[in-house]
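There are 2 protein chains.
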Amino acid sequence: MKNRWLVIISICSLLLGAGGTYASFLWILPPGTMDFSKEKVGSEQQATTERERISGLEKVADAFDLIRKSYVEDVSDGQLIQGAIQGMVGTLQDPYSVYMDEEASERFNDSFDSSFDGIGAQIAIQEGKLIIISPIKNSPAEKAGLKARDRIISIDGETVEGLDLFEASKRIRGKKGSVVKLEIARSELTKPLTIEIMRDKVPVLTVFSDMKKNAEKNIGYIQITTFAQHTAKDFTTELRKLEEQNLKGLIIDVRGNPGGMLSSVEDILFQIVTDSKPYVQIEERSGKRNPLYTSLKKKLPYPITLLVDEGSASASEILAGALSEIEGYTLVGKKTFGKGTVQQALPLDDHSNIKLTMFKWLTPDGNWIHGKGIKPTIEVEQPAYFHAHSLQLDETLALDMNNENVTIAQEMLLALGFGSGRQDGYFDEQTERAVKAFQSIKKMPVTGRIDVETAVKLEEEIVKAIQDEKNDLQLQVALKTFR
Amino acid sequence: MKNRWLVIISICSLLLGAGGTYASFLWILPPGTMDFSKEKVGSEQQATTERERISGLEKVADAFDLIRKSYVEDVSDGQLIQGAIQGMVGTLQDPYSVYMDEEASERFNDSFDSSFDGIGAQIAIQEGKLIIISPIKNSPAEKAGLKARDRIISIDGETVEGLDLFEASKRIRGKKGSVVKLEIARSELTKPLTIEIMRDKVPVLTVFSDMKKNAEKNIGYIQITTFAQHTAKDFTTELRKLEEQNLKGLIIDVRGNPGGMLSSVEDILFQIVTDSKPYVQIEERSGKRNPLYTSLKKKLPYPITLLVDEGSASASEILAGALSEIEGYTLVGKKTFGKGTVQQALPLDDHSNIKLTMFKWLTPDGNWIHGKGIKPTIEVEQPAYFHAHSLQLDETLALDMNNENVTIAQEMLLALGFGSGRQDGYFDEQTERAVKAFQSIKKMPVTGRIDVETAVKLEEEIVKAIQDEKNDLQLQVALKTFR
Chain W
96 MKNRWLVIIS ICSLLLGAGG TYASFLWILP PGTMDFSKEK VGSEQQATTE RERISGLEKV
156 ADAFDLIRKS YVEDVSDGQL IQGAIQGMVG TLQDPYSVYM DEEASERFND SFDSSFDGIG
216 AQIAIQEGKL IIISPIKNSP AEKAGLKARD RIISIDGETV EGLDLFEASK RIRGKKGSVV
276 KLEIARSELT KPLTIEIMRD KVPVLTVFSD MKKNAEKNIG YIQITTFAQH TAKDFTTELR
336 KLEEQNLKGL IIDVRGNPGG MLSSVEDILF QIVTDSKPYV QIEERSGKRN PLYTSLKKKL
396 PYPITLLVDE GSASASEILA GALSEIEGYT LVGKKTFGKG TVQQALPLDD HSNIKLTMFK
456 WLTPDGNWIH GKGIKPTIEV EQPAYFHAHS LQLDETLALD MNNENVTIAQ EMLLALGFGS
516 GRQDGYFDEQ TERAVKAFQS IKKMPVTGRI DVETAVKLEE EIVKAIQDEK NDLQLQVALK
576 TFR
Chain E
96 MKNRWLVIIS ICSLLLGAGG TYASFLWILP PGTMDFSKEK VGSEQQATTE RERISGLEKV
156 ADAFDLIRKS YVEDVSDGQL IQGAIQGMVG TLQDPYSVYM DEEASERFND SFDSSFDGIG
216 AQIAIQEGKL IIISPIKNSP AEKAGLKARD RIISIDGETV EGLDLFEASK RIRGKKGSVV
276 KLEIARSELT KPLTIEIMRD KVPVLTVFSD MKKNAEKNIG YIQITTFAQH TAKDFTTELR
336 KLEEQNLKGL IIDVRGNPGG MLSSVEDILF QIVTDSKPYV QIEERSGKRN PLYTSLKKKL
396 PYPITLLVDE GSASASEILA GALSEIEGYT LVGKKTFGKG TVQQALPLDD HSNIKLTMFK
456 WLTPDGNWIH GKGIKPTIEV EQPAYFHAHS LQLDETLALD MNNENVTIAQ EMLLALGFGS
516 GRQDGYFDEQ TERAVKAFQS IKKMPVTGRI DVETAVKLEE EIVKAIQDEK NDLQLQVALK
576 TFR
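In order, the protein sequence lines correspond to chains W and E.
In terms of my numbering, the first sequence has 524 at position 429, counting the first letter as 1, and numbering is strictly consecutive.
In terms of my numbering, the second sequence has 139 at position 44, counting the first letter as 1, and numbering is strictly consecutive.
Each statement offered as a hint is correct.
A pair holds if it fits inside one copy or across any two, identical chains being indistinguishable in the list.
Below are the BS3-like pairs computed for lysine-lysine, each with C-alpha atoms no more than 25 Å apart in a straight line: (1) K286 with K224; (2) K538 with K559; (3) K296 with K276; (4) K286 with K238; (5) K164 with K154; (6) K242 with K276; (7) K271 with K296; (8) K307 with K559; (9) K164 with K455; (10) K308 with K565; (11) K552 with K538; (12) K383 with K164; (13) K242 with K296; (14) K392 with K343; (15) K276 with K232; (16) K394 with K336.
To be clear, the hints were calculated from the coordinates, so they are not data collected in a lab.
All chains, full assembly: derive it from the sequences and hints.
Here it is as structure tokens:
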């Protein structure tokens with residue numbers, strides 16, 4: 096591992112519309128290959144360099160002066176400088192190259208940490224409300240009694256209105272040992288609840304394992320949600336535990352995994368693919384390819400099947416490429432995202448960075464999958480209700496109505512096996528019959544109208560179906576790949 | 096007029112969604128007030144200035160170097176420099192401040208010309224097709240027999256596919272005396288037509304006048320479509336002609352007029368508003384206001400009514416403010432756009448400019464209407480069918496269908512007085528009855544279905560209604576303001 100470079104590959108899960116969840120690769124440069132420190136510029140060259148720099152940017156300096164002096168409002172230099180850098184990066188038309196100011200750099204670095212000081216609750220903004228998705232096991236949040244779907248009204252007495260997710264999580268987090276006061280609304284309570292929680296160190300878990308069965312055989316299952324700092328170490332620990340139980344096969348699940356640090360996926364690859372081919376090839380701007388190899392000589396005694404989908408990007412795709420092209424292992428699921436570039440965070444000053452695409456990476460056999468993705472060996476589509484929208488009623492839906500909510504209800508009914516004939520948003524008589532059938536089977540008043548109770552029941556049934564492992568067709572097929 | 100400045104006010108008719116039609120104000124700086132020429136920097140100051148410039152832009156230069164050296168693809172300096180300038184201008188969050196490269200600068204300058212060398216046909220892109228809107232009167236286009244709604248297939252043998260409007264008009268234009276060959280599709284012809292047209296000098300008309308009547312009284316009408324180079328001169332000519340016919344009132348129509356050169360509206364104001372108040376006040380960044388006055392001492396012998404709407408912006412709003420606040424004249428129509436800033440095109444080098452917002456302008460009484468617009472004295476809404484969408488059928492619309500085209504058809508039927516009950520896109524029985532009523536009155540086969548013939552007839556009826564002056568409610572109300 097000494098010959099690795101310090102490079103960061105980062106992924107925006109654009110496909111998922113998640114609005115910028117990212118993770119990154121760290122990678123170590125071979126000494127002397129690349130150097131971005133300013134100190135390296137010899138002082139005898141300084142004058143020339145400076146003059147060159149000015150001449151190249153003369154026009155930018157002119158524009159800078161014009162705007163500062165003549166714009167109708169005062170403009171800060173910092174604003175213009177940041178704009179200039181963002182403008183330059185923007186011309187690259189590369190969604191993975193971005194200027195990161197102090198806050199973005201901080202956020203970026205945090206995303207690789209293996210733990211943080213806080214209360215340990217996953218939060219999200221849903222319909223403009225700040226919601227607890229789930230408290231992490233054994234975290235201060237769980238011990239204090241926070242529950243999934245609790246709504247946070249205020250933090251330390253201040254309303255959360257107008258806060259974005261980053262701002263909100265920044266306020267909830269804080270030094271271990273300090274206390275945060277949350278005001279919580281819960282649907283079964285008539286009054287909001289105020290809970291004081293002492294912050295503690297909370298681990299960021301990225302690896303989850305389980306032992307599954309296929310025809311009496313033990314099939315190990317390891318899910319990797321992102322490739323962060325401690326991911327490889329946790330993967331090793333979980334794998335050892337599974338291997339102790341007479342493993343006949345291993346499923347690795349990187350569905351929805353947007354990537355992360357290259358060193359992380361590399362440390363995993365060193366344990367599971369042999370050195371018969373490079374696990375990845377890094378291509379420089381010049382076209383030169385640098386193949387990288389593991390040190391594993393002997394193939395594992397059990398086969399591996401990898402679960403992938405449209406959300407599997409970057410590091411997940413390096414894993415997919417290596418498993419299938421080096422060892423011929425099976426990929427199950429959907430075509431992957433398609434991100435074949437490597438970024439590094441290059442410091443501009445003490446506070447900001449440019450995250451810049453510096454390399455392409457190719458699969459063991461030299462394929463560049465950027466914009467194309469990797470096709471699974473066995474393509475399996477999840478049931479339609481895995482993609483169902485949420486129903487947000489502002490009125491009871493009934494015969495002859497025509498709107499977006501009716502479309503969603505029609506899709507949900509169809510997913511649950513109650514065909515409504517049309518899915519175009521017009522509530523016709525066949526839709527009414529489908530609603531009645533659903534209500535009758537769920538032992539509700541059979542009205543044929545979708546009121547709040549019926550809508551909630553529809554959503555519950557969809558969630559129940561998604562959570563049932565038997566309905567995870569991709570997993571079921573993966574289990575069957577081990578004969 | 097000697098004390099005017101060289102300043103450009105420019106307007107994007109954003110509200111209209113026209114995607115960047117603009118026009119601008121030229122204005123003359125009092126000598127010494129502002130100067131952007133580089134020569135003015137004293138050479139004894141040069142060194143300091145240069146050093147200051149570098150220190151301010153050190154970080155930009157660093158980023159410039161990093162990207163040039165390390166990005167995965169080659170990037171040209173020009174691209175990065177343009178990006179930096181666009182990035183700086185972008186941080187101003189001002190839609191009227193823009194970087195204009197060579198092509199944009201050229202286009203910008205062309206937009207003030209009083210004539211051009213070409214064939215004299217207004218063109219547009221509709222549904223992805225290049226269409227002739229109308230040939231200008233007495234132009235080479237008209238003499239060659241081009242007609243409104245002709246579709247241009249090729250220009251000089253090359254397909255127009257993929258061309259934008261600017262690119263297409265650039266190819267049709269050319270030196271006076273040269274010939275352009277257009278291939279034309281026309282709906283009544285089975286085969287395309289090839290027409291050769293000799294280019295000539297074609298005037299850009301921005302002023303259209305007419306004599307109208309109200310209760311036997313002569314009411315002059317002058318429409319100004321934009322404030323370009325020759326607009327004021329043409330306005331004067333038309334006004335003199337009207338004044339010779341015993342004028343009892345004058346309507347000026349700036350509906351949909353996005354603005355233009357300040358000098359143009361100023362030259363018009365000098366003829367119609369007195370010096371009792373400033374016609375406009377220019378506010379500098381420091382807050383200092385410069386009031387500007389006409390030299391007219393005596394109010395005109397007839398009253399003026401101004402027609403305005405949401406598309407009346409900038410210069411049109413200066414006109415509106417001056418007419419109402421200085422002379423108390425009536426404004427009829429809808430609230431204006433609301434653009435209260437002044438731009439100047441500042442040259443960066445021989446080819447490019449920054450169009451920068453440098454001043455605010457205030458009305459005679461000191462109101463800043465930016466983002467607010469000017470309310471008309473008498474607010475008049477046009478009939479709903481003035482805003483009707485176009486119907487693009489890919490199938491015959493019939494009972495039980497549910498789509499966007501049905502919505503549009505329902506709106507058109509309602510506009511023409513055939514109420515269809517609902518306008519939500521569901522083709523119910525009442526919609527069918529409305530279609531039958533329309534077909535019956537128009538003496539068409541009464542099918543209750545909207546096929547191509549019915550759709551064409553619906554559109555024709557809407558266009559007919561819009562073109563009928565009697566349906567221009569705003570104009571009708573304006574005529575009634577003269578008792």
